[in-house]
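Chain order of the listed sequences is A and B.
With our numbering applied, the first sequence covers 4 to 148.
With our numbering applied, the second sequence covers 22 to 172.
Worth double-checking, as some hints may not be accurate.
Part of the chain A face toward chain B, derived, beta carbon under 8 Å [said to hold, decoys possible]:
#, residue
1, 6
2, 25
3, 94
4, 148
Here are the simulated distance ranges between beta carbons [said to hold, decoys possible]:
#, chain 1, residue 1, chain 2, residue 2, range
5, B, 146, A, 107, 23 to 31 Å
6, A, 83, B, 84, 30 to 38 Å
7, A, 49, B, 124, 46 to 54 Å
8, A, 16, B, 85, 42 to 50 Å
9, B, 123, A, 131, 46 to 54 Å
10, B, 166, A, 49, 30 to 38 Å
11, A, 57, B, 124, 55 to 63 Å
12, A, 73, B, 103, 36 to 44 Å
13, A, 73, B, 146, 37 to 45 Å
14, A, 49, B, 79, 53 to 61 Å
Hints in this document: simulated from the structure, not taken from any laboratory.
All C-beta atoms, glycine included, are put in the ideal place defined by N, C-alpha and C.
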Amino acid sequence: MTTHSILVAYDFSEPARRALDWARTMHAQLHTGVVLLFVEDDRLALVEGQILPADWSKMTADRHAMLDARLRSTASEVFGPDDQIVRTRVVAGHGAECIARVAREMGCDLVIAGSTGKNAVERFLLGSTTLGLLRGSRIPVMVVH
Amino acid sequence: MLIRSILCPVDFSDCAENALRYALGIAEKLGAEIQLLHAYEVPVLVLPDSPAIALAAEDELRDHLSRELETLARRYSGHGVELTPRLMAGAAYESISTAARELDSDMIVMGTHGRGSLMRCLLGSVAERVVRQSTIPVCTVHAPDSSRRNR
Numbered sequence: 004m005t006t007h008s009i010l011v012a013y014d015f016s017e018p019a020r021r022a023l024d025w026a027r028t029m030h031a032q033l034h035t036g037v038v039l040l041f042v043e044d045d046r047l048a049l050v051e052g053q054i055l056p057a058d059w060s061k062m063t064a065d066r067h068a069m070l071d072a073r074l075r076s077t078a079s080e081v082f083g084p085d086d087q088i089v090r091t092r093v094v095a096g097h098g099a100e101c102i103a104r105v106a107r108e109m110g111c112d113l114v115i116a117g118s119t120g121k122n123a124v125e126r127f128l129l130g131s132t133t134l135g136l137l138r139g140s141r142i143p144v145m146v147v148h
Numbered sequence: 022m023l024i025r026s027i028l029c030p031v032d033f034s035d036c037a038e039n040a041l042r043y044a045l046g047i048a049e050k051l052g053a054e055i056q057l058l059h060a061y062e063v064p065v066l067v068l069p070d071s072p073a074i075a076l077a078a079e080d081e082l083r084d085h086l087s088r089e090l091e092t093l094a095r096r097y098s099g100h101g102v103e104l105t106p107r108l109m110a111g112a113a114y115e116s117i118s119t120a121a122r123e124l125d126s127d128m129i130v131m132g133t134h135g136r137g138s139l140m141r142c143l144l145g146s147v148a149e150r151v152v153r154q155s156t157i158p159v160c161t162v163h164a165p166d167s168s169r170r171n172r
């Protein structure tokens, strides 16, 4: 069992950044590829025209292109300009199932997730997505604090 | 953030062994060592209004588990990875936590559930507690597919 490609579910938060830093460590030592995934919650469409603008769905392609550019910018900041190391994906979906599906589709064999907090109490409160991954993912999951 | 020492707690289940194989794959590439930990508690029968009765002699239990652990370590030696068996008396979570601290582990690789867990509980209570409270990265590995089908 070897690790060839690591998926990091990235939402531009601090825990996600810690997960990405660990992906860089693993990449440096294991020479793996990295997939940087942003999951846009597809339930947002339910509040289109209410909380969100009426043209939210029509703007999906533009929004995803913008998010992908931000992912690529983050990847380049962390891994340097070599664009062979990191693949980026922006998908609409929800939670752990979506992350596990993308990991399978992209041939990843490790998912790294950041826990929500730094202190003991916050660490205890694992995010629901991380917990869902730990329970449901067939691929090994690494949680970093 | 270098990974030099991986703590791999095992309870001799298929799932733990799968995690050990995964840890070996990582350790081999990283040049890291693996501390193979098994924690045990002497089973005790507690009846009302009477002292607890140990259901096994601790010396015998320890010797038996020590042999099991060494056999497991030998089976997976030969990958060029230093594999050190460590037997600890105590509850699983506390032993894993103590071992990680005392052995200065950089990462924990463990099965999602142990021998005692029902397969439908896809994350065992020990693994969940370790993930929640560990200060170092914890990698959880599921049982091999064949093991899931057979249960």
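At the C-beta level, are residue 73 (chain A) and residue 103 (chain B) separated by a distance inside 36 to 44 Å?
-> holds (42 Å)
For the hint on residue 25 (chain A), does the least C-beta distance to chain B fall short of 8 Å?
-> Result: holds, 6 Å to nearest chain B Cβ.
How about residue 6 (chain A): closest beta carbon in chain B under 8 Å, or not?
-> Holds. Min distance 6 Å.
Could you see if the CB distance from residue 146 (chain B) to residue 107 (chain A) stays within 23 to 31 Å?
-> For residue 146 (chain B) and residue 107 (chain A) the Cβ distance comes to about 27 Å; the hint holds.
Residue 79 (chain B) and residue 49 (chain A) - C-beta distance against the hinted 53 to 61 Å | Hint holds: Cβ distance 59 Å, inside 53 to 61 Å.
Grab the minimum C-beta distance from residue 94 (chain A) to chain B and call the hint holds if it beats 8 Å, violated otherwise.
-> Because about 23 Å separates residue 94 (chain A) from the closest Cβ in chain B, which is outside the 8 Å limit, the hint is violated.
So the hint says 42 to 50 Å: do the beta-carbon atoms of residue 16 (chain A) and residue 85 (chain B) match that?
-> About 48 Å separates the Cβ atoms of residue 16 (chain A) and residue 85 (chain B), which means 42 to 50 Å holds.
Per the CB criterion, is residue 148 (chain A) less than 8 Å away from chain B?
-> holds (6 Å)
Is the hinted range of 30 to 38 Å satisfied by the C-beta distance from residue 166 (chain B) to residue 49 (chain A)?
-> holds (36 Å)
Does the Cβ-Cβ separation between residue 73 (chain A) and residue 146 (chain B) fall within 37 to 45 Å?
-> holds (39 Å)
Residue 124 (chain B) and residue 57 (chain A) - C-beta distance against the hinted 55 to 63 Å = holds (58 Å)
Taking the CB of residue 83 (chain A) and the CB of residue 84 (chain B), does the distance hold inside 30 to 38 Å?
-> violated (54 Å)
In summary, the numbered hints that this structure violates are 3, 6, 9.
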